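Trainee: For reference, the chains in residue letters:
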Amino acid sequence: MTWPGILVASAACYALKLAGLSLPQRWLQNPRVQRTVPLIPIALLAALVATQTFATGQHLVLDVRAAALAVAVVAVILRAPFLVVIVLAAATAALLRLL
Amino acid sequence: MFTGASQFALVGVVGAGGSIWAGALAAGLLGSRNTLYGLRLSTLLAVRGWRRALASQFVIDETTAMAIARDDPLSGRFAFWATGVVLFVFWNTGTLIGALATHALSNPKVLGLDAAPPAAFLALLAPRLRAREPLALAIAAAVVAIAVLPFVPAGVPLLIVAVLVALFGAFRR
Chain E
1 MTWPGILVAS AACYALKLAG LSLPQRWLQN PRVQRTVPLI PIALLAALVA TQTFATGQHL
61 VLDVRAAALA VAVVAVILRA PFLVVIVLAA ATAALLRLL
Chain P
100 MFTGASQFAL VGVVGAGGSI WAGALAAGLL GSRNTLYGLR LSTLLAVRGW RRALASQFVI
160 DETTAMAIAR DDPLSGRFAF WATGVVLFVF WNTGTLIGAL ATHALSNPKV LGLDAAPPAA
220 FLALLAPRLR AREPLALAIA AAVVAIAVLP FVPAGVPLLI VAVLVALFGA FRR
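As given, the protein sequences belong to chains E and P, one line each in that order. Residue numbering for the first sequence follows my numbering, starting at 1 and increasing by one per position. Residue numbering for the second sequence follows my numbering, starting at 100 and increasing by one per position.
What the hints contain is simulated information worked out from the structure, not anything from laboratory work. It is possible that part of the hints are untrue.
[As the list claims (entries may be wrong)] Label-pair distances were calculated between CB atoms; the ranges are:
{"#": "1", "chain 1": "P", "residue 1": "V209", "chain 2": "E", "residue 2": "N30", "range": "30 to 36 Å"}
{"#": "2", "chain 1": "P", "residue 1": "L173", "chain 2": "E", "residue 2": "L83", "range": "30 to 36 Å"}
{"#": "3", "chain 1": "E", "residue 1": "L60", "chain 2": "P", "residue 2": "F189", "range": "33 to 39 Å"}
{"#": "4", "chain 1": "E", "residue 1": "R97", "chain 2": "P", "residue 2": "D171", "range": "21 to 27 Å"}
{"#": "5", "chain 1": "E", "residue 1": "L83", "chain 2": "P", "residue 2": "R150", "range": "29 to 35 Å"}
[What the hints assert, rightly or not] Covered by chain E, according to a simulated footprint, are these stretches of chain P (three or more residues, beta-carbon under 8 Å):
{"#": "6", "region": "203-217"}
{"#": "7", "region": "228-237"}
Bear in mind the structure is a predicted one, so any value in this text is a computation, not a measurement. Glycine included, C-beta positions come from ideal geometry on N, C-alpha and C.
Taking the hints into account, I'd like the entire structure generated from these sequences.
Mentor: In structure tokens, the structure reads:
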């Protein structure tokens, strides 16, 4: 069932882009839509950060990923580039596991 | 699928044991912002037919930012297509290398690779948090996701957060 899901998700992501270039401007100029849509990625990305750091499956856990996230937070505050943030976080987790 | 946050979200949900459909829904929700980007770009790009079909695939955070930052339409259009083509090639090459290379890893945890996705999501999120309200929203979303996580299947916390933020956006003044 993995590939059908990936294909459907890919088609949906493409259709959302095509809709933006194709739909009449006024359809999407509803102030509520304009206000709400930018909030969705903020909320979902924050939820992903939290669940991918503090959980394994359905269990809440506190492990080296939390320390890695703290390093990543410092890196983004210092406006480090995307890849640097990721490498620093992974390196932190790897080093702490070695100790 | 050429929109990084959605790609990561799908992989994240499935990797945490969630269903592929919960992952697909999360990916679609994260991709909804590209509709608004397309709306902003449609006048600038003025594309029809097969050019519109092609341009659509390139409507993402980076191309939109590069295109609308130009002063005249011509360089805006150039910035859109150049950023789109370059990112498309490198991003998908990277995805392919990643997909092939991880088969060679016996235990990704040794390299700290399980700490990489949250850092990637954080790096995607950070530029959107330069004001107080988005920061408060992000913290609230993280708290809700953690609070419901032990009680629902993997991937569902994301969908709960999505519904709540949609309601918040629709009903606040």
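Trainee: Which of the numbered hints are not met once you compare them with the structure shown?
Mentor: 1, 4
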